[in-house]
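Reconstruct the complex from the two isolated chains, following the hints.
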Amino acid sequence: MIRLINWIKKVMSYLMELFISIVHLIPFYILVNLAFKTRQDTSSKWFPPDYLYLKNFSDVWTESHLGSALLNDLIITVCTVALVVFVGVLAAYPLARYPTRWNNGVYTLSISTLIVPALTVLVPLYKLVVDIHGISTYWAMVLVLTTFFLPTVIFLYTGFIRTIPRELDEAALIDGCNRYEIFFRIIFPLLKPVTASVIIIIMLGVWNDYRFSLFLLQKRSVQTVPLVLSQFFSQFQNNLPLAAAGSLLSMIPMALIYLFLQKYFVSGLAEGAVKG
Amino acid sequence: MDIVQSSENKMRETKTAGRLKKFFDSPVSLNLMYVPALLLFTVFIYYPIAQGIKISFTNWNGYSAHYSFVGLEKYRYMFTDMRTYKVIVNTLIYGLGSTLFQNILGLAYAVLLNAKLKGRGIVRTIVYFPVIVAPIIMGYVWYFIFQYDGGALNDIMLALGKKPIDWLGNGPRAVWLITFANTFQYMGVAMVVYLAGLQAIPREYLEAADVDGASGFYKFFHITLPLLMPAITVSVVLNIIEGLKLFDVIISMTNGGPGYASHSLSTMMSDLFFAGQDAGFAAALGNLMFVIISLFGISSLKFLRRKEVDL
Chain A
1 MIRLINWIKK VMSYLMELFI SIVHLIPFYI LVNLAFKTRQ DTSSKWFPPD YLYLKNFSDV
61 WTESHLGSAL LNDLIITVCT VALVVFVGVL AAYPLARYPT RWNNGVYTLS ISTLIVPALT
121 VLVPLYKLVV DIHGISTYWA MVLVLTTFFL PTVIFLYTGF IRTIPRELDE AALIDGCNRY
181 EIFFRIIFPL LKPVTASVII IIMLGVWNDY RFSLFLLQKR SVQTVPLVLS QFFSQFQNNL
241 PLAAAGSLLS MIPMALIYLF LQKYFVSGLA EGAVKG
Chain B
1001 MDIVQSSENK MRETKTAGRL KKFFDSPVSL NLMYVPALLL FTVFIYYPIA QGIKISFTNW
1061 NGYSAHYSFV GLEKYRYMFT DMRTYKVIVN TLIYGLGSTL FQNILGLAYA VLLNAKLKGR
1121 GIVRTIVYFP VIVAPIIMGY VWYFIFQYDG GALNDIMLAL GKKPIDWLGN GPRAVWLITF
1181 ANTFQYMGVA MVVYLAGLQA IPREYLEAAD VDGASGFYKF FHITLPLLMP AITVSVVLNI
1241 IEGLKLFDVI ISMTNGGPGY ASHSLSTMMS DLFFAGQDAG FAAALGNLMF VIISLFGISS
1301 LKFLRRKEVD L
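Chains as they are written, first to last, in this note's numbering: chain A, 1 to 276; chain B, 1001 to 1311.
Hints listed in this document are in silico derivations from the structure and should not be mistaken for laboratory results. On a predicted model such as this, the values are computed, not experimentally measured, just so you know. Don't take every hint at face value.
Claimed, not checked - Far from chain B by the CB rule (all over 10 Å, computed), these chain A residues:
id	residue
1	Glu17
2	Phe57
3	Thr113
4	Phe183
5	Lys219
6	Ala243
To be verified - Going by beta-carbon spacing under 10 Å, a handful of chain A positions derived as facing chain B:
id	residue
7	Tyr14
8	Leu25
9	Phe86
10	Pro94
11	Asn103
12	Asn104
13	Ala118
14	Thr120
15	Pro124
16	Tyr210
17	Phe215
18	Ser221
19	Leu259
What the hints assert, rightly or not - Which bits of chain B does chain A cover? Going by a derived footprint, with three or more residues having C-beta under 8 Å, they are:
id	stretch
20	1071-1080
21	1104-1116
22	1258-1270
We put the CB at the ideal spot given by N, CA and C, even for glycine.
So here's chain B without its partners, still in its complex pose (with noise of 0.2 Å):
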C-alpha cells in the first residue's frame, strides 16, 4: 500500500517536474526575466501616474492627512492663472529653443572636426567636457558670468565703457540666457552624435559626387544631410524631451525669478508643491507636462522619421 503510495506520489512530483521542466524550456519562460523591471515601472511611475490623476482631482496641501475632492477645480484655476501660460512659454522655449542651436551648432562642429585637422581630438574633448558636469554647478558657474556685480560679462561691459547690465534681472532675457547655458552644455552630445552619423556615410557616395562635380554646399544638402537623419531624429527627439524637462539649469541661474518670469513647468510645480504647498495644483500642471511633452516627443519622432531615407 505505502509502496503504491510513494510511487504515486513520485509519480506526481516527476509529472510536476515534468511541467516545470518543460515550461523552464520554452522560450515564455524568458519572459519572467523582465518581471523586476515591471514591478519596478509599476510601482515607481504607473502607480504614481494614476495616483498623480488623482490627486489633480483634489485641494490636497501635500502633507495633511485631510483632503477633499474638487473635481476640475484645479485644472480651471490653472487655466486661469496666467502664470501657467508664462510657464508653459517659457517651457517651450528651453525645449525648442535649446534642441534647435543644440543641434545646428553640433553639426556645424561635427562637420568641422570631421575634416582631417591637427588637435580636432582636444577641440572634441574641450567641447564635450561641459557635459560630465552636474547641470546644477553649471549653472552656477554661469552665475559668475552674468551677475549683475562683479559678473564677468559686466567687466566686459565696463572696459568696453558701458553701463553694466543685470543679465539675468529681466524675465525674457533670463529665459534666451537659460537656454544659452543649457545649449553650451550639451551641444557635445549632438555633436558627438553628429560625427558618429557622419563617420558612417559609405566614402563612395561623396566621391561619386566629386567625380559629378558636384560643389561642397550640393554635397552637404543632397547626400550627407539626408544620410544624417537617423542621427538627427535621435539627437532632436531626445534633446527636445530633456529640454521640456529643464530644471537644475534654472534652479541655479534664476531660481524661477525675478517673480515667474523663468520658471519651467519643472520648476513651478516644484514651487507649488513644497513652497506654495498645493499639491492638486502641482499634480495638475504635472499632467499637462506629460501631455506637452508626449505630444511634442511623439509627433518630433513621427516627422522626423517620415524623412529618413534607406541606404
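Just chain A, with the same shape it has in the complex (with noise of 0.2 Å):
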C-alpha cells in the first residue's frame, strides 16, 4: 500500500516536472516559429514551417545594424562590469571591516540607494547628462551605469568579506604587512567565488538594459541591442518574422553564456540571497 502511494507520488512529480517544461517552453517554441517563417506565411504560430527560410536572420542582421549593436553593448558591458567591480570592492572592504558608527552609517546609506529606482531621477539625471555633454556617449553611460548597480556589488562583497576570518588579516599584519597589502594580497584572491557571481550579476543586469540606455543613447552609432531591436520592432510591425528573427538572435550571446557557466549564475543569486 505505501508502495503504490510512494508510486503514484513519484508518477505525479514527473508529470509535473514535464508540464512545467512544457509550459516554460512554449514562448520560445512560438518564437522559434515564427522566426523560420516567411512574411506572406500567415500559419499558426503553434506550427513550425515545412520550408527551410533563414532570410530574416540576414536581413534582420543587415537592417538593424545588430553587429555594430552587439559591439556597443560589448564596450558598454565590459567597461561598467570592470568599473563597477573594482569600485565595489574598494568600498566593501573598509564597510566590512572597520564597522565603525561612520562606517555603518555609510554603509546603510549605500544600500539604501537600492530603493531609488533610475526612473524616480529621471529627470533630473537626464538634465544632468545632457549638462555635462555625456549624452550618447560611453562614459556617461558607463558611469551612470555603476552608479546604479554599486548598492548591489557592495551589498554582496560586504557579506562575503565578513565571512573571512579576521584573524587572517592580523597574523598578516604581525607578519609586516601593511593595510593596502592585507587587502590586495590576502583578503582580494579570497574573493574569486563571489567576484564571479557578482560579474554574472551585473553583466546580465548591464548586458539587457533598456531603461538607461533608452534615455541616455540617443545616437544610432551607440545604441545597444535591446534599443536597437525595440526600434525595429516599432518600425516593422508588419513583419512579425523578421522581428521574431532579430529576438532570437538577441538571445544568443546570453545564452551561450548561461549554458557554460550556468553554476555562477545560480550559485551567485542563492548565495547573495542566503548570506544576506
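Right, dumping it as C-alpha cells:
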C-alpha cells in the first residue's frame, strides 16, 4: 500500500516536471516557429514551417545593424563590469572590516540607494547628463550604470568579506604587511567566488538594460541591442517574422554564456540572497 | 647655516612623512577606499534626488532654459489628475501581484525540484532561462502570443470554436497579463533562492519530525517554512522593489495602452517627460514613486525580518 502511494507520488512528480517544462518552453517555441517563417506565411504560430527559410536572420542583421549594436553592448558591458567591481570591492573592504559608527552610516547610505529607482531621478539625471555633455557617449552610460549597480555589488562584497576570519588580517599585520597589502594580497584573492557571481549578475543587468539606454543613448551609432531591437519592432510592426528573428538572435550570446557558466548564474544569486 | 636649514627641512619632511605613515597605518585611512563610490552616489543619485525635488516645484518643460517656480501646483495637479490614481493602482498590481505569484510558484517549484527526481536539473535550467533574456525582448515574445491577429492564444480560441479576444486591448486585463509576463520571467530567481534555502535546512530536523510521525503537510508548515524565512525575506523584498519599478515589459507589450490603462509610475513618468514635455509633473511623480517604493520596501523588510527564527 505504502509502495503504491510512493509510486503514485513519483509518477505525479514526473508528470509535473514534464508539464512545467512544456509550459515554460511555449513562448520560445512560438518565437522559433515565427522566426523561420516567411512574411506571407500566416499559418498558426503553433506549427513550424515545412520549409527552410533563413532570410529573416540575414535581413534583420543588416537592416537593424545588429553587429554594431552587439559591439556597443560589449563595450559598455565590459567597461561597466570592470569599473563597478573595482569601485565596489574597494568600498566594501573598509565597510566590512571596520564597522565604526561612521562606516555603518556610510554602508546604510550606500545600500539604501538600492531602493532609488533609476526612473525616479529620470528628469534630473537626464538634465545632468545633458549638462555634462554625456548624452550618447559610452563614458556617461558606463558611469551611470556603474552607480546604479554599485549598491548591489557593495552589498554582496561586504556580506562575503564579513565571513572571512579576521585572524587572517591580524596574522598578516604581524608578519609586516601594511593594511593595503593585506587587502590586495590576502583578501582580494579570496574573493574569487563572489566576484564570479558579481560579474554575472551585473553583466546580465547591463547587457539587457533598456531604461538607461533609452534615455542616454540617442545616437544610432552608440545604441545597444535591446534599444535597436525595440526601434526595429515599432518600425516593422507588419513584419513580425523579421522581428522574431531579431529577438532570437539577440538571445544567443547570453544563452551561450548561461549554458556554459550555469552554476555561477545560479549560485551567485542564491548565495547573495541566503547570506544577506 | 645652509646645513642647519637643510637638516631642519629634512626633519620637517620626515615629520610629515611620519605623520603620513601613521595615517596610512591606521585603519581610518582605509576609509579612503570608499570615496570613489561615495562620489559616484553623490553625483548620479543624491544630487539628482535633490534636483528632482527642485524641478517638481517648477513648470520646466524639459528642454528650455526658462522656467519659473510654481510651488506645489504640480503636486496639486498630480493629485487631482485621475490618471495618477489609475497608475498607482497599476504599479501596486505589478509590484505586489508579481511578488505574490513569483514567490508562491517559485517556492512550489523549489519544493518539487528539490526532491530526488531525474531531469530536475534540466527543468531548473528551463525555468530559469527567461531571466537571462532582456525584459524588453521577452515582452515582444508575449506580444506574439497575445496579439489579436494571428496571436498564438487566439489560434487556440479559434480551434476551440470561440471568438478571438483582443487580449491586450482591455486595460485591466492587460495589467494582469503584464503581471503574468513579469512573473513568468523572474520566478526562476525566486525558485533558485528557495532551492538554496531548502538545501540549507539541516536534515536532522526533518528526520526528527519523521520519527515523531509528523505528516508532510505539518513538516512543511512547521519546520520548512519557518526556517526558510530569511530566504523569503530577501526574495520578497527584492521582488517588491523590482516589481514597483516595472518598465521594460510594459513598453514592449502595451506601451502603457490602451490609453493610459496599463501605465506604471515609471512608464507614465517617461511619457510625461519625453512626450508630454512636463518635466515638473514627471519629477513630482518620480518623488511620489520614491516615497511609495521606500514605504513598501522598508515596511515589508521590517515585517518579514520579525518573522525570522534563529537556527
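Hint check results:
A cut-off of 10 Å between C-beta atoms contradicts the statement that A/Glu17 is not in contact with chain B; the least separation is 5 Å. Listed as a non-interface residue, A/Phe57 keeps its Cβ farther than 10 Å from every Cβ of chain B; the least gap is roughly 15 Å. Consistency note on A/Thr113: stated as away from chain B, yet its beta-carbon is not over 10 Å from all of that chain's, at 5 Å minimum. A beta-carbon of chain B comes within 10 Å of the beta-carbon of A/Phe183; the shortest separation is about 8 Å.
Non-interface call for A/Lys219 relative to chain B: holds, since the shortest CB-CB distance, roughly 16 Å, exceeds 10 Å. The Cβ of A/Ala243 does not lie farther than 10 Å from every Cβ of chain B; its closest approach is about 7 Å, which violates its non-interface assignment. The beta carbon of A/Tyr14 comes within 7 Å of a beta carbon in chain B, closer than 10 Å, and the hint placing it at the interface holds. A hinted interface residue such as A/Leu25 counts as satisfied when its beta carbon comes closer than 10 Å to some beta carbon of chain B; here the least separation is about 6 Å, so the hint holds.
Given hint, A/Phe86 at the interface with chain B, holds; its Cβ is 8 Å from that chain's nearest Cβ, closer than 10 Å. At a threshold of 10 Å, the smallest CB-CB gap from A/Pro94 to chain B is about 4 Å, leaving the interface hint in force. The interface hint given for A/Asn103 holds, since its Cβ lies 7 Å from the closest Cβ of chain B, which is under the 10 Å cut-off. For A/Asn104, the interface hint is violated, the least distance from its beta-carbon to any beta-carbon of chain B being 12 Å, above 10 Å.
Interface hint at A/Ala118: satisfied, since its Cβ lies 8 Å from the closest Cβ of chain B, which is below the 10 Å cut-off. Among the interface hints, the one on A/Thr120 holds; its C-beta lies about 4 Å from the nearest C-beta in chain B, closer than the 10 Å criterion. At about 4 Å, the closest approach between the beta carbon of A/Pro124 and any beta carbon in chain B falls short of 10 Å, and the interface hint on this residue holds. Restraint check, A/Tyr210 versus chain B: the minimum CB separation of about 4 Å is within 10 Å; hint holds.
The criterion of a C-beta within 10 Å of any C-beta in chain B is met by A/Phe215, whose closest approach is roughly 8 Å, and the hint holds. Interface hint at A/Ser221: violated, since its Cβ lies 20 Å from the closest Cβ of chain B, which is beyond the 10 Å cut-off. Look at A/Leu259: its Cβ gets to within about 8 Å of chain B, closer than 10 Å, so that hint holds up. Only residues whose C-beta sits within less than 8 Å of a C-beta in chain A count toward coverage, and the stretch 1071-1080 of chain B has 0 of them, not enough to reach three; the restraint is violated.
Here the stretch 1104-1116 of chain B counts 4 residues with a CB under 8 Å from a CB of chain A, which clears the bar of 3, and the coverage holds. Given as covered by chain A, the stretch 1258-1270 of chain B passes the check, having 4 residues with a CB less than 8 Å from a CB of that chain where 3 are the minimum.
Going through the hint list in order, the structure does not satisfy hints 1, 3, 4, 6, 12, 18, 20.
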